[in-house]
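Using the hints, position chain G against chain C.
Chains as they are written, first to last, in my numbering: chain C, 1165 to 1695; chain G, 1165 to 1695.
Take these hints with a grain of salt, some might be off.
Copies of the same chain look alike in the list, so a pair counts if it fits in one copy or across any two.
Taking lysine to aspartate or glutamate and the DMTMM-like style, the derived pairs with C-alpha atoms no more than 20 Å apart in a straight line are [stated by the list, open to error]:
1. Lys-1421 with Glu-1607
2. Lys-1421 with Asp-1243
3. Lys-1495 with Asp-1626
4. Lys-1209 with Glu-1239
5. Lys-1495 with Glu-1640
6. Lys-1421 with Glu-1238
7. Lys-1686 with Asp-1367
8. Lys-1421 with Asp-1270
9. Lys-1495 with Glu-1588
10. Lys-1421 with Asp-1603
FYI, nobody ran anything at the bench for these hints, they're computed from the structure.
Each chain, written out:
Number of protein chains: 2
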Amino acid sequence: MQDPRDPQTLTSTPSADDAPRRGRRRPAGRGGGGDRTTVQQRPWKQPRLRYEPTRAVSDDELESIHQASLRILEEIGMDFLLPEARQMLKAAGADVDPDSERVRLDRGLVEQALSTAPSRFTLHARNPDHNLEMGGDYMAFCCIGSAPNASDMEGGRRPGTHKDFRDLVRLSQALNVVHVNGGYPVEPIDLPPRTRHLDALSDLATLTDKLFHAYSLGRTRILDGLEMVRIARGVDAERLMREPSLFTIINTNSPLKLDGPMLEGMMEMARHNQVVVVTPFTLAGAMAPVTLAGALALQNAEALAGLVVTQAANPGAPTAYGGFTSNVDMKSGAPAFGTPEYMRTALVGGQLARRYGLPYRSSNVTSANTVDAQAGYESVFSLWGAVMGGVNLLKHGTGWMEGGLCASFEKMILDADLLQMVAEFLEPIEISEAAFAVDAIREVGPGGHFFGSPHTMERYRDAFYAPMVSDWRNYESWREAGAPDAMTHAHRIYKQLLADYTPPPMDPAIAEELAAFVARRKEEGGAPADT
Amino acid sequence: MQDPRDPQTLTSTPSADDAPRRGRRRPAGRGGGGDRTTVQQRPWKQPRLRYEPTRAVSDDELESIHQASLRILEEIGMDFLLPEARQMLKAAGADVDPDSERVRLDRGLVEQALSTAPSRFTLHARNPDHNLEMGGDYMAFCCIGSAPNASDMEGGRRPGTHKDFRDLVRLSQALNVVHVNGGYPVEPIDLPPRTRHLDALSDLATLTDKLFHAYSLGRTRILDGLEMVRIARGVDAERLMREPSLFTIINTNSPLKLDGPMLEGMMEMARHNQVVVVTPFTLAGAMAPVTLAGALALQNAEALAGLVVTQAANPGAPTAYGGFTSNVDMKSGAPAFGTPEYMRTALVGGQLARRYGLPYRSSNVTSANTVDAQAGYESVFSLWGAVMGGVNLLKHGTGWMEGGLCASFEKMILDADLLQMVAEFLEPIEISEAAFAVDAIREVGPGGHFFGSPHTMERYRDAFYAPMVSDWRNYESWREAGAPDAMTHAHRIYKQLLADYTPPPMDPAIAEELAAFVARRKEEGGAPADT
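Chain C extracted, bound-state conformation (with noise of 0.2 Å):
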């Protein structure tokens, strides 16, 4: 039986545009260039975890799970660098040492901010067909975020460039997988720092329609983040500030310990109403106990400090329970990723986030240096807890690699089609008469096949999930095409990916007055030198 759509055969479309061209007017069309690229894709949709998501330990452990953090935060506290954090802390009830930057939270506190936090909340993109919904068993997929490096076959490995974030942007737009940018996918190192977050916000803001992130570097950059989200969604101060389109991760200095910037940044997130997901680095072993129950421990005391630092600014503000708790190689320090022990903690975190009633945060993972077996297995290992675990958003869910030291183009293809068969494992069965097929077995009969039956031609042609990357022909035919390994098909459908890009309409209006913010700003210097 032969489909003439044969997904794995890309055409090449010469006419493909490569440039932003902002301002000028495209053609409106849904989903914006994932759409109308010659791969073939699953549409742009939010899975749903209709599954009973997997306990890893029993709800009297997760209880004192709960209670070991709330010593933690009661009986050693937490250091909060920024004065101003201190003396809202205060206010709120905390037990501010005076004479050093040691903060107590007893949990009075934390169970006020529990209170105050929503459950679910829907994030706005400037295109409302990528609106997310944030919570339930609702989960959303991210682009790799804060890689250093880029990588592909072709260039090798090498620092990040402005040239390489556009390009993974632009992935990240056409691939409908793909429902949030998760932060720079790759350091545009050659920007200058102090005007970097205006130039690479305007890209996200205009090769994509999708909802991105800001980083927590300072009061400042997120001050010009929110008006560029401001602006590219064409929307007024108070409108912004009643529907959340901007998030921002908060990765706290474990243990216990958060800065000023990642203070500053968090507090003026939520007092605009905006999406702060904390989330503690607990390496079990290295900033964290080697137990994972004390890692555990460890990563929901800060969590939970997080929470009532935003509820503390603003209470309501929308937040979310961010989990990262893996292990190091004992052996080397090494951080060790997509781990048993990883998966484990990816599970617990979801119990806890589910106990709080937060939406939980997970990564896809893994610490393998090129887009081998171990890339593979790493990855779906992570997936394997963060899903089961429940996750609602999935940090670094395309391009990850090298524990995150690195963004791979190839990886970028690979991971999407990972995802992509995760939302197909995540559809319902159709359990149907018409389903069963019981006249289609007694027609076929003993001995028979259902490659011609009128049952199999009328639903073949989307029955199955058609990746993009596996690679099922016979090994005879796989091997007079060139043996093409996984990462070799990644890389021709990441080429054909870009080459079929074309950037989502804006109105000329809005770009205008993007382009005019970020040409002001840099005038002005963009952000302090000291942050």
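Coordinates of chain G only, in the frame set by chain C:
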């Protein structure tokens, strides 16, 4: 922190003995060769699924699949190609068509069979340390079975030989996480077909002390297998009858057919109280309906029909419920594995097996032609479906490539690492005051680190799983080391394991008896030529 016992540094043992040397006395050792290798492994242990299995359909939907299967068996029936089987089923109350091979089974017969089949039993290996619990939350992992080809990086891909067969069997013994030999890992096609089973089973009985499998290719081969297991275990026929020690996989000829040799084998195995695993090979869109519900209804009907056969032959005979439903590539008809469709049917297969109170068999599978990222992700996706589906017997646990057409030496190692990670993932997290490490967190304090803390020093050696294959070095060190991918690591490790291999001890009298039996049966000509 340096641990001198680097598991990635494999020291060679120059006196390694690569010959099986039947009858030569060797020092007794728990677990056989696997425990004496220089490759660091988890000890031999059956993992248990302490998590709640994932349900992909509701109880009502599950019941409707069951009902559809009963209708298929009642209204359409199945072809049984062995007159003796039809007579037996007729005597048991089945509706047997006198003019064809068709047999219709009513729901009463199915219910009767379900009432006598045991839900849990022990399988006895010749080394009692390698006995297996089958059922409940216990898991057992098999080595690959039945590949026509073998491959490794050095020798490339080739039709299976006796040498490859023996080397793969040695690896199966050497890998602690392989609990069962699941058939011939590769077909030794250089051995004559009529006596092949004698050489192959003799190797399985001597090169390993773990359980093995006999093919149901007619009565003679099964009777030979039973006698060889009896001799190897050093027990009499009555004890063998009391203690299941051999298993066979029955693949129905889907749709709705069971051939003569398979029926002979399964009836003989059941009569001897040995384990029959009925696994319909229901590829949706080919031998089964294109809809997952239809493929599952057919799988379930055939599995239940197999159960009726074993219980009619010997009520109470141990059986397992096998699921192997996957989909085909609708463009080429090629079977696909480790797909989202495979994952969901693996979950539902487990739900059906639990509804019936039968041990559940699933598999670790991939269509990949080389040990690349696809091999990694398809295998872990299939493990995700199998493990969260509550698998008890995981077939093809190590080594499976190309949809079963090739046994890869490197994949043997890669999969063993994956299975060890799964086993580690299933270990409970220690929840205790000591594990919460609140005092250690207090001592380390905000901004400190846990590397050198007493809490870490006491625990770091066994804190985390140390993988065999995964390369966690940073990019620079990895590149300096020649940029090895996972396949390259696996190649090195399989060579080391073979070099370290020593055959498990066997009483010389038993070895002699076994050799004499094989010699006599060869003299007699082995199995009849027609099967």
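Structure-based check of all given hints:
1. Proximity of Lys-1421 to Glu-1607 under the C-alpha cut-off of 20 Å is restricted to the inter-copy arrangement: shortest distance 15 Å between copies versus 69 Å within a copy.
2. For the homomeric pair Lys-1421 and Asp-1243, the shortest alpha-carbon distance inside one copy (5 Å) is at most 20 Å, but the shortest distance between copies (71 Å) is not.
3. For a Cα distance limit of 20 Å, the shortest separation of Lys-1495 from Asp-1626 across copies, 12 Å, qualifies, whereas the shortest one inside one copy, 49 Å, does not.
4. Taking the shortest alpha-carbon separations for Lys-1209 and Glu-1239, neither the intra-copy value of 45 Å nor the inter-copy value of 41 Å comes in at or below 20 Å.
5. Taking the shortest alpha-carbon separations for Lys-1495 and Glu-1640, only the inter-copy value of 17 Å comes in at or below 20 Å, while the best intra-copy value is 43 Å.
6. For a Cα distance limit of 20 Å, the shortest separation of Lys-1421 from Glu-1238 inside one copy, 15 Å, qualifies, whereas the shortest one across copies, 68 Å, does not.
7. Taking the shortest Cα distances, Lys-1686 and Asp-1367 sit within 20 Å of each other inside one copy (15 Å), while across copies they are farther apart (76 Å).
8. In this assembly of identical chains, the alpha carbons of Lys-1421 and Asp-1270 lie at most 20 Å apart only when taken from the same copy (17 Å versus 69 Å across copies).
9. For a Cα distance limit of 20 Å, the shortest separation of Lys-1495 from Glu-1588 across copies, 19 Å, qualifies, whereas the shortest one inside one copy, 39 Å, does not.
10. Proximity of Lys-1421 to Asp-1603 under the C-alpha cut-off of 20 Å is restricted to the inter-copy arrangement: shortest distance 17 Å between copies versus 66 Å within a copy.
Violated hints amount to a single one, hint 4; each of the other numbered hints is respected by the structure.
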